[in-house]
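Peer 1: Please work from the sequences and hints to get the whole structure.
Chains as they are written, first to last, in my numbering: chain A, 1 to 409; chain B, 1 to 511; chain C, 1 to 102; chain D, 1 to 194; chain E, 1 to 504.
Keep in mind the hints are simulated off the structure, nothing from the lab.
Wrong hints could be hidden among the right ones.
Stated by the list, open to error - With a Cα cut of at most 25 Å, we get these calculated DSS-like pairs of lysine-lysine: (1) A/Lys71 <-> A/Lys81; (2) A/Lys81 <-> A/Lys67; (3) E/Lys108 <-> E/Lys165; (4) B/Lys442 <-> E/Lys471; (5) E/Lys108 <-> B/Lys442; (6) A/Lys67 <-> A/Lys39.
Claimed, not checked - Some chain D residues well away from chain A (every beta-carbon gap over 10 Å; in silico): (7) Val36; (8) Leu95; (9) Leu99; (10) Val139.
All C-beta atoms, glycine included, are put in the ideal place defined by N, C-alpha and C.
Each chain is listed here by its residues.
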Amino acid sequence: MSAIVDFFGIAVIIAVVKVVITFAALLGTTIVVVWFERKVIADMQARIGPSRWGPFGLFQTLADGIKLFFKEDFRPQTADKWTYAIAPVAAMVPALLGFAVIPVGDEVTFGDTTVGLVMSDLNVGILYFLAMGSLGVYGIVLAGWASGSKYPLLGSIRSTAQLISYETAMGLSLVPIALVAGSLSTVDIVTAQAGSVGRVTFFDGIPVLEQISAIFRFIPNWYIWSQWPAFVIFFIAGVAETNRAPFDLPEAESELVAGYLTEYAGIRYALFFLGEYVHVVVISAMAVTLFFGGWDGPTFSFLSWLWPVIWFMIKTVAFIYLFIWFRASLPRLRYDRLMWLGWKRLIPAALVWIMVTAVVNTAGVARGVRLGVFIGLFVVVMIFIARGDPRQLKPVSPQSQGRATRGVA
Amino acid sequence: MNLAQEFSQPEVQLGGIAPELLLVGVALIILVVDASFGRGDNRWYLAGLSALGLAGAAALAIMTWGDNELQLSNMIAADGLAAFSKVSLAAFGLLTVLLGRDYLARDKIEESEFYALVLFAVAGMMLMTAAADLIVMFLALETFSVSLYVLVAFRRASLASHESAMKYFLLGAFSSAFFLLGIALTYGAIGSTNLYGGADPVAEPGIANFITGTPTDDLSLLIVATGFLVIGLGFKIAAVPFHMWTPDAYQGAPSPITGFMAAGTKFAAFAALLRLFDASLFPLRSEWRPLLIVLAVATMIAGSVLAIVQEDLKRLLAYSSIAHAGFVLTGVIAANDRGVSGALFYLATYGVAVLGAFAVISLVAGRDEERVLLADHRGLFYEHPLLTTALTLFLLSLAGVPVTSGFVGKLVVFGAAVEAGYTWVVVVGVLTSAIAAFFYLKVMATMFLQERDPDAPALPVGRLASGVVAVAAVATIGFGLAWSPLINAAESATIFFQSPQEQSAPIPPGG
Amino acid sequence: MTEVAPSYFLVLAALLFSIGVVGALTRRNAIVIFMFIELMLNAVNLVFVTFSRMWGNLDGQVLVFFVLVVAAAEAVVGLAIILLITRRRESANVDDAHLLRW
Amino acid sequence: MTIGTLVFGVAFIVALGSAIAMLFARNAVHVALFLVAAQVALALTFLLQGAFFVAAVQIIIYAGAIMVLFLFVVMLLGVDRSEALVEPLPFQRPLALGLGALLAAGILYLAVAGIDAASTITGDGSGALLALNRDPGNVLALARVLFSRYLLPFEATSALLVAAIVGVMVLARRVGSISAVAPRISPAEEREVA
Amino acid sequence: MNDLPWLDITIFIPLGGAILLGAVPKDRVGALRTGALIVAVAAFAASLGILAGFEVGEAGFQLGSSLSWISEWGIGYTTGVDGVSLWIIMLTTFLMPLAVLASWSVDKQLKPYFIFLLSLETGMLGVFSALDLFLFYVFWEAVLVPMYFLIGLWGYGRRVYAATKFFLYTLAGSLFLLLAILYLYFAAPGEPTFDYRSLLGTELAFGTQVLLFLGFFASFAVKIPLVPLHTWLPDAHTEAPTAGSVMLAAVLLKMGAYGLIRFGIPLFPDAAQALAPLIITLAVIGIVYGALIAIVQRDIKRLVAYSSVAHLGFVVLGLFVGTIQGMSGGILQMLNHGLSTGALFLLVGVLYDRRHTRLIADFGGLAKSMPVYAGVFLLVALSSLGLPGLNGFVGEFLVLLGTYETYAWWVIPATFGIVLAAIYLLWAYQRVFHGDITNEANRGLSDFNVREYAMILPVVALIVFIGVYPKPFLDRIEPSAQKLVSQLNDSSVLPEGSGVAEAP
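Peer 2: See the structure below:
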């Protein structure tokens, strides 16, 4: 053992241990999440849901997994052999890797070694997360193309366009966070959210607002308060990136059979399935980290290192619940509406919001001006977001079709 | 944590890039105006707006005349070279816009983006001429290249236009990669990409190049980098063997854009070449001169010889533009004041002449450019004596016959090369000029000495286009007779080029 | 940082660049040619990063950033042109683009 | 043999292998995939040399956006699933290979020679870069350089991008809908047909 | 009266007239013709001012003017006239009205025709009077364009081919001229200038001199034309319209010889001396070769064209033998050739107007239908072959005399050339004019009309006058010739030991 420690150094050993534990936990969580989703949806639809295997049907997912694992491997004749095989892995791995920069808790000290409860505190953490998100596209794109049949291809073309569009919005929505936190490191961002709203100096010196702001002293200083538009954009884009309802067009079963999944079965299908749920967990965890203070929460002296983890998990589960809730209640978007939302609403809104944040946080600009800009742009953004699609208001006549499509084409 | 507290803001002087800023601004205004107002039939105001913007940019460039400093963290040179180039480029842009207006109206092509892209391209070219850092040079190059890729494909009904855009694009991107490698190796050699080594050339004229700031004598990596930079810029100036894109791109592009490419791209790339070699790398001239000489000789010969067999007038002028790149290169090789000012003069007058020529060609070509073959110009003289005379004038200028500006340009660059001791290069230049005269003559012979095809449709001659032709013709003759103003202006562009000691001493042959 | 000497990185970059050149010259599909050009740009990026490490300044990394922007801009325009032509020709093969010959 | 060397070895093999595989892959999609692999491997080499920001951006922009765009176009076209490797110009391929080999040899030599030249100047600047990466951190240090010295190039990219966007808008517009000119065959094309 | 700058006025009258003609509507044929004639005559009248103002016995340049044009480059508008150029200028202005008269038969595109013709005159006059090398080059090239169009647009048969050939030959040559001028410009010490008189004393290494001389020579030899650079000439002369042929033969060919006299010899005397044997050889070859080829021609115009090659050989021979007789004879022979060959082309033009053919075989017995024409033709032919008492004799005799002093053996083939000239001219005369009328089409041909008389008589008069009384001409030529010969002979640097070209 010590020889190994000598060779690699203690840091490497700790890293390996962290990787193993995190991924094991993540996979375990995912399995639970699948069960969780079925249960919650069943509940919302006044059904019972899985109930045969284990307590509350908890082992149902495991059973499904075993079934899929032993199912006959199947590959269509027209499929592109290697790409077809790589695609599920390509879908799964980036999703898993994305979790590497998410801090699940504060530091833990063993003897003289201090270990942060994050796999890797990269100073480009947010960018890493985005990078993994953008690599996640490949799984779907390749799956659709490699299957060698129409519906999967259509699904993956849809998916490509969708993911590129919403990735942009997501990236832009994270810029204000980096601006206010002054760092791209997720740990720094969580640390910056410690304390309470009272520490936000924005209203200082403004007579009435300063008193009112005192009321918020007990509310944690999470970015959700000051950055909620960014959160809205981030979360919508996140849902779109996971290809889940209401953005599940790539696998829209009523239009494309099962989209890029049509030709997949058995263990390969399981990998896609798993990847999607891992993605859900990662997006939820990221939302928690960036906007809801991460592990931040009241701690107690008993097992003090564990409390942050528990807070983190609770918050994450809340978001997973939100995902499931969406799926249960929202109808699927039409494809042009999807593009419209992404390009004409989310991206402009995100851009405006970056400007707002930048102005508000610039030193040297008079506070009155900053406040004015803040309120003014806020109103603009609200009106902007609230406006519907103008094209819906007027009926499209055959003559004006050429003009009307110009905007999209 | 507030970033601004630890961050020293750079000093922002906008004087040097004011023309570019204005052009980009006008381009954006055009796009907004286009998007906001309906799509009327007669949208003269877009052309007017761009013309105003270009004129304004020229005015702003003239206002910086006499400045001689590096601005914006040494990224931009506000000097004579930049000012001269910007005024010339604005003039090219102006002619292109006016010509384009008639062209687009005739071919019924949607136009607003045309003007915006031309403005972007001019802005990019201007920035390239002013770039004092390789990365600025590269970004500027890409800005105008990207605009031109699209402009080449602007004849949307024509497959040939698209094909030429594709070839232009692929080879352009290919050459960019080489240029980038050159930048990377330069950075590796000297730790920076700045052409002036970050030094203030006005305060210390002796170190107005980036080599002297280098703490080493081993410049081998820099020399290699130079080679790659030459490849990259060689594509843009269409020097042999990097010329393959030129005929295709010139042939397929809309004629106004072809003229603009011939005039503007060449000017911008050569201005960069002059700044790079005759200023920054001047101390290394014995290393790069052989390279450029080989390039120049090959370019002159290949351009002239290949042009002879062309049947398509646009293609013919494309090869002729290759040959001209070789002629200008002799000025670069000379690497003296006269060479630099001569090259600038050459490029400015060549640009005007070639724009005029393509103006006539676009008029003769008719709708969808159906008549661009040499044979389509048979007996043109008897139908349109004035147009034909103008085209003859441009061709004579390109051939370098006295009393036209082209002659003066050749005289000056050849003279500079003789002065620098490269007479044999000039001998090649003279021989190839004679070869080149043959195909210009062929065109003239076709227009004057053959019978008009009775089936040829009548040419509607637009007012703006004929104005462009007239202006170009007057300029071609005018600068051929009284060239001192222009050449003096070009000479003021050489301030940045040499340290005072080198200016006084004659340069020994062979560097 | 790593103990691997910079020259190894430069060797890798050189090989990649050369492969890019060869590919761009030998392949016939426009999109594939373009991809090899992208490979060349990537190799240049590696050169920048390596020299940045050698000089101990960040200029090289900043330059990579600019290269990326340029690559993106070129990619959209280039792909649009290729798309345009391929939709009419039903082929992205460069040799099929033969209207222009000297 | 350390972790760094190991990672470099992997990156080297993957990058080079993918690049070579690109040369021989017939299918455009496969070429793209190999390119993605090479790019990811290159991102690793960036990381090894302390360029964290650039590594991340390399993956986001190149692998995540540009290459997806390539794939998108290949899929959208749906033609040329596999490229004919028959050479219309028989001499071109060996010529290109020879040229490439020459270039490779040249650059290789230079890379090694250049290293010597440069390392006599400053030695390995890794130390300075490490210090920068530690304080104030790679991203912050990069931002300072970018927004001070490279402010103008940074702003120039905006012009470049707008030009590209406008260009793509133009190119993407349908031929028939706006232009009254019906697509017709030009004289040059007619000759070609005949 | 005499303080007016007659030279510059003469140069620019035709150009001004051409511009004025541009304003005349193109269907006013009569106005165009008369206008052109008036302009040409006005130029001739102005040139008489030069003749009047010219001081006899003065070797230097006279009547010139000097203006700064592009001062930064040392380029000026400098003109002047001396014994060499005086008679060629006079010849030009004298022949131009006749050329206009010969153009009456031109029927298409009359306006551009006269514009080109008149601007051609300005170019030629400029060439002969420019004393600034840059200005000289500008005029030199400016001659090219109108001539190109005159041949190409209004010529006969293979006119496009002929015009292109003419243009390319001349341009290729003149580019070397430009190169040499540039080199000289930079090589000359002191303030850079293109001024001929300032450059005159420039000391150059022998090798450089040779190279520069060859540069000048390349251009001039094409124009003269010396064998083997003559191949453009028969085509251009044959296909050109009558006025074009006249101007080509009478004036344009002189530009080459004039260039040698004015620039080649004085600027590079050592090189000229060293290369003289070579050039003389070429000249003699030209004399014999031109004459031999002329004999076998079937086309009268082509025959005359080849005779030009032979005659210009005489001129060059005279210039380079290095004696005063040779030099004066050469210069006078330039004038003579201009008159006699010009007259021959005018005459052939008259014939062509009537019969639209130039083939000797198509004629025969013309003396019966056109007796006056036949007589004039004979006179001119005799002048051309150098019959004593006519102008040709004076020049050729002086040349042979001069040659005998220095290159005695070369007199033999040169004399042989004269004999051959007699053969081809008289044989052609015999075939065309003597005997019976073999072709019925020739029977009803009319003799000269008034216009044609006006056109041919002045030339005939001058031919006879020079033959009888050459003194006024030689008086004005000799001082300059003397100066030239001394320059050629008293060269300071000897060829030995400095054979390697050196960069400046």
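Peer 1: Does each hint fit the structure? Answer for all of them.
Peer 2: Hints, verified against the model:
no.: 1; hint: A/Lys71 <-> A/Lys81; verdict: holds (19 Å)
no.: 2; hint: A/Lys81 <-> A/Lys67; verdict: holds (24 Å)
no.: 3; hint: E/Lys108 <-> E/Lys165; verdict: holds (23 Å)
no.: 4; hint: B/Lys442 <-> E/Lys471; verdict: violated (49 Å)
no.: 5; hint: E/Lys108 <-> B/Lys442; verdict: holds (22 Å)
no.: 6; hint: A/Lys67 <-> A/Lys39; verdict: holds (20 Å)
no.: 7; hint: Val36; verdict: violated (7 Å)
no.: 8; hint: Leu95; verdict: holds (32 Å)
no.: 9; hint: Leu99; verdict: holds (31 Å)
no.: 10; hint: Val139; verdict: violated (5 Å)
Hints 4, 7, 10 from the list above are not met by this structure, while the remaining hints are.
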